[in-house]
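Visitor: Residue numbers (our numbering), protein chains in the order written: chain A, 400 to 909; chain B, 102 to 435.
Be aware that one or more of the hints could be misleading.
[To be verified] In silico EDC-like pairs for lysine to aspartate or glutamate, Cα to Cα no more than 16 Å straight-line:
1. A:K633 <-> B:D283
2. B:K344 <-> B:E268
3. A:K580 <-> A:D491
4. A:K633 <-> B:D248
5. A:K580 <-> A:D891
6. A:K633 <-> B:E268
These aren't lab readings, by the way, just hints derived from the structure by calculation.
These figures come from a predicted structure and were not determined experimentally.
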Amino acid sequence: MTDRRVEARRGRATDVCIIVEGCYPYVPGGVSAWIDWLVRSQSDTSFSIVSLWPMPTKQQPRYALPPNVVSLQHLYLQSFGEPASKSFVIPDGVDELGIALGELSAKGGSAALRRALRAVMSLEGQSSLSRLFNSPMAWEIARTAYEREMPFGSFLHFFWAWRALLGGLFATLEFPLPDAKAYHTISTGYAGVLAARAALQTGRPAVLTEHGIYTNERRVELLMADWVADTVDKGHRLDDPRFDLRDMWIRAFEAYARTCYECCDEVLTLYEDNQRAQRALGAPPERMHVIANGIDLNRFQAVRPATPDDRPTVALIGRVVPIKDVKTFITAAGILRETIPDLEALVLGPLDEDPEYAASCRALVTELGLDDCVTFTGTVNILDYLSRIHVVALTSLSESQPLVVLEAGAAGIPFVATNVGSCREILEGRADETPALGPGGIITNLVAPGEIAAAIGELLASGDKRRRYGEALRERMRRYYTAEQAASSYRDLYRRLIEAPSRPHDQTAP
Amino acid sequence: MPAAIRNAETATTSVPARATGEAGAQAWWLIAALAVEALGLAVLVRLGRESLWLFVPLHLLVTLALAWNVARVRRARHDTTLAMLGCVAVAAIGPAGALGVLVLTGLDRHAGDRRLLTAWYERIALSVAVDPVTRFCDDVGSGRMIDLGAPPPPSYAAVMAAGTLVERQAVLGNVARRFHPDYLPVLAQALNNPEPVIRVQAAAVAAQIRPEVARAYRTAIESIPQNVLSSFDALVLLQTFEKLIASGLLDEGDRRHGLDIVLTGVARGEAVLPRRVAFETAAPLEKTLEQLLIRRRRFAALRQHRSERAVLAVRPRANIRRMSMASHAPRAGE
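All chains should be built: construct the whole structure from the sequences, respecting the hints.
Guide: Shown next, in the form of structure tokens:
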């Protein structure tokens with residue numbers, strides 16, 4: 400997993416330790432791509448990476464580590480291994496460890512983390528994840544916790560959930576921390592707990608950058624998950640006080656987030672809307688900042704906007720997958736075609752990620768008689784298409800900070816986008832934008848083909864409005880969304896963190 | 102002590118462990134029997150033919166020991182199958198019987214353990230597959246049943262409009278896990294909620310339940326009789342369709358197809374308005390149908406529908422002479 404160059408450099412303190420869960424360098428796109436960009440954009444800064452996974456991953460790295468990455472370590476949260484041997488002697492202090500881990504997963508916060516760290520340290524290396532969590536002692540602690548938390552529930556389900564949650568926590572607390580001048584986690588969760596622990600134990604600053612709000616993502620996943628058993632029948636009530644497994648999982652991730660927010664020196668995100676959620680989960684407002692992603696504007700400077708004489712063209716740029724709600728785009732195109740008979744609607748993006756959905760989109764096009772209107776191009780270089788597009792549409796059900804809006808904006812093409820992620824902020828500007836640049840597009844509701852069609856029609860009908868919106872968007876990109884600005888913001892941040900004096904800290908680092 | 106703990110304890114200390122341990126003990130009994138008989142036979146053969154009769158008391162002794170083992174197992178309330186099989190096999194064919202049973206035991210061991218382990222898991226997981234009655238009793242005794250004394254659940258639409266963030270998220274969780282077409286207006290509300298967190302969750306719910314919406318739609322269509330669709334059924338179906346369509350989660354193609362089916366059904370039917378349905382009750386359905394007929398430009402059907410409604414509004418029990426809607430199938434230009 401680690402190349403020779405990295406092995407050779409291991410042992411040196413790095414400037415920044417990046418802590419990331421379930422992506423870099425093994426998963427392409429998204430947060431992984433962002434980390435790759437970040438590390439490469441800070442070529443004077445040395446990095447160590449801690450990559451968290453449930454179990455050892457068999458995936459091959461999708462990103463070659465840049466030369467300034469000194470080490471890549473893996474933290475496996477659920478690697479419980481074999482049962483402990485019969486000669487294993489349960490060390491003293493294990494009861495306290497169980498209580499402390501329980502408190503950390505229930506309430507969170509720096510005090511609970513300190514207590515848990517002391518409990519881990521008291522074992523003095525006598526134990527490991529596999530030895531402790533496969534021992535009869537773990538069973539007893541689980542039983543005690545069960546009787547305290549949800550004695551009416553299914554013990555079997557409780558046991559496995561408890562083991563997964565607290566096992567992951569113990570693995571995080573006993574993991575040998577890389578030596579670094581600052582710690583940067585890309586999410587809350589276990590990665591956030593590790594960063595919080597680093598801040599407490601080393602006295603060095605920690606910073607969090609959240610793309611999506613991890614706790615909310617987990618909450619959404621857990622509330623909808625089939626794999627979490629409902630052991631209590633709450634019917635349709637929302638205020639049933641009986642504690643169930645779903646509550647336990649959600650409570651744990653909220654506690655981890657609280658711990659991370661409390662211990663991090665700065666809490667960053669990509670756009671203002673996310674800050675509401677961070678604040679609601681306990682992030683201190685005075686430590687919250689926005690650093691938006693940026694793009695390379697030079698790539699789009701040469702794009703010539705489509706002229707009124709060109710065939711009226713609207714495009715959706717993105718993968719043909721359900722979350723992009725391509726069918727709403729097609730339906731909107733159908734509505735628009737009634738008033739703009741020569742409309743061209745392009746779907747620019749790969750079709751192979753969800754072939755079944757792509758096929759159903761094609762079937763819908765045929766069903767609506769739009770074969771001569773809607774074109775699926777597959778994967779293309781969008782630069783080849785931008786100069787013939789009058790309006791770009793984004794019908795997604797969920798986004799964070801969609802790159803496509805930035806790219807179309809850099810090309811001066813107005814946008815119609817659903818009210819997801821940072822779309823409103825990009826198209827209409829932040830609350831504190833000075834001077835106000837005006838709208839760069841139109842925001843619509845989700846799953847609203849009529850509204851989307853009307854917005855696209857409005858822009859297609861008025862060349863002047865298109866030009867004004869396009870120019871405003873291009874200017875906003877130039878001022879606030881360049882890759883150079885994002886890189887510069889992180890350079891300044893890292894410099895501050897690296898140069899900051901160490902705080903008093905708990906010396907007993909594992 | 103809670104039922105689950107009680108069950109888990111019982112299972113842990115008895116079923117799999119005890120059964121596995123007993124199987125092991127029986128194997129040792131058989132090995133001992135095999136060793137004693139085989140060794141005895143070998144020694145007697147070496148001593149000469151005249152000594153072979155001594156094998157008979159030895160064999161009886163071994164058989165008696167195995168019979169005593171059967172009694173012991175029975176007293177301990179363990180499964181006696183293996184002990185009895187071993188005893189009979191050894192009594193019948195001596196060491197060859199012991200060897201045969203040992204081989205069979207070895208072959209069966211893993212399957213037996215798996216069965217026991219599965220049964221144990223089912224038991225402590227309170228699976229209905231094991232014992233639905235016990236499961237039900239456990240649920241009642243442990244307080245896992247729905248709380249019938251609690252106040253009724255709130256209106257989800259009201260919660261979505263004015264509830265706390267956590268309540269709204271819980272509503273969306275229920276919508277996802279317990280899908281019903283009646284939840285769709287709440288989902289539509291959530292998709293346009295001012296709170297970004299709710300919109301994101303609603304979007305995830307929408308993506309998850311889209312196949313369910315399509316399934317509900319297909320089921321509704323399949324429920325339409327082949328020949329004649331009564332007016333009341335048509336109206337009820339229309340209302341269901343409207344809910345599904347209003348969610349925005351249906352494909353336009355499906356939507357058109359469904360509406361065509363309903364309209365065709367209505368056209369084939371004998372009446373637009375049900376005779377015995379109170380006007381007030383049918384009003385929302387009537388409105389839906391009227392809008393649909395106008396959108397589809399089926400004005401003849403609309404005229405008949407309105408005239409019947411006017412008569413029934415004055416005389417609810419009027420016996421209207423029905424005209425087949427088939428005669429009002431849309432003409433060119435309508």
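Visitor: Check whether the Cα positions of K580 of chain A and D491 of chain A lie no farther apart than 16 Å.
Guide: 34 Å, violated
Visitor: Hey, K633 of chain A versus D283 of chain B, does the alpha-carbon distance stay inside 16 Å?
Guide: 19 Å, violated
Visitor: Compare the distance between the alpha carbons of K580 of chain A and D891 of chain A with 16 Å, and conclude whether the hinted pair is satisfied.
Guide: 15 Å, holds
Visitor: Measure nothing beyond the straight line between the CA atoms of K633 of chain A and E268 of chain B; if it is 16 Å or shorter, mark the hint as holding.
Guide: Satisfied, since the Cα-Cα distance of roughly 14 Å is no more than 16 Å.
Visitor: With the threshold set at 16 Å, check whether the alpha-carbon distance from K344 of chain B to E268 of chain B stays at or below it.
Guide: Violated - the C-alpha atoms of E268 of chain B and K344 of chain B are around 24 Å apart, more than 16 Å.
Visitor: Given the hint that K633 of chain A pairs with D248 of chain B, does the C-alpha gap stay at or below 16 Å?
Guide: 7 Å, holds
Violated hints, listed in ascending order, are 1, 2 and 3; each of the other numbered hints is respected by the structure.
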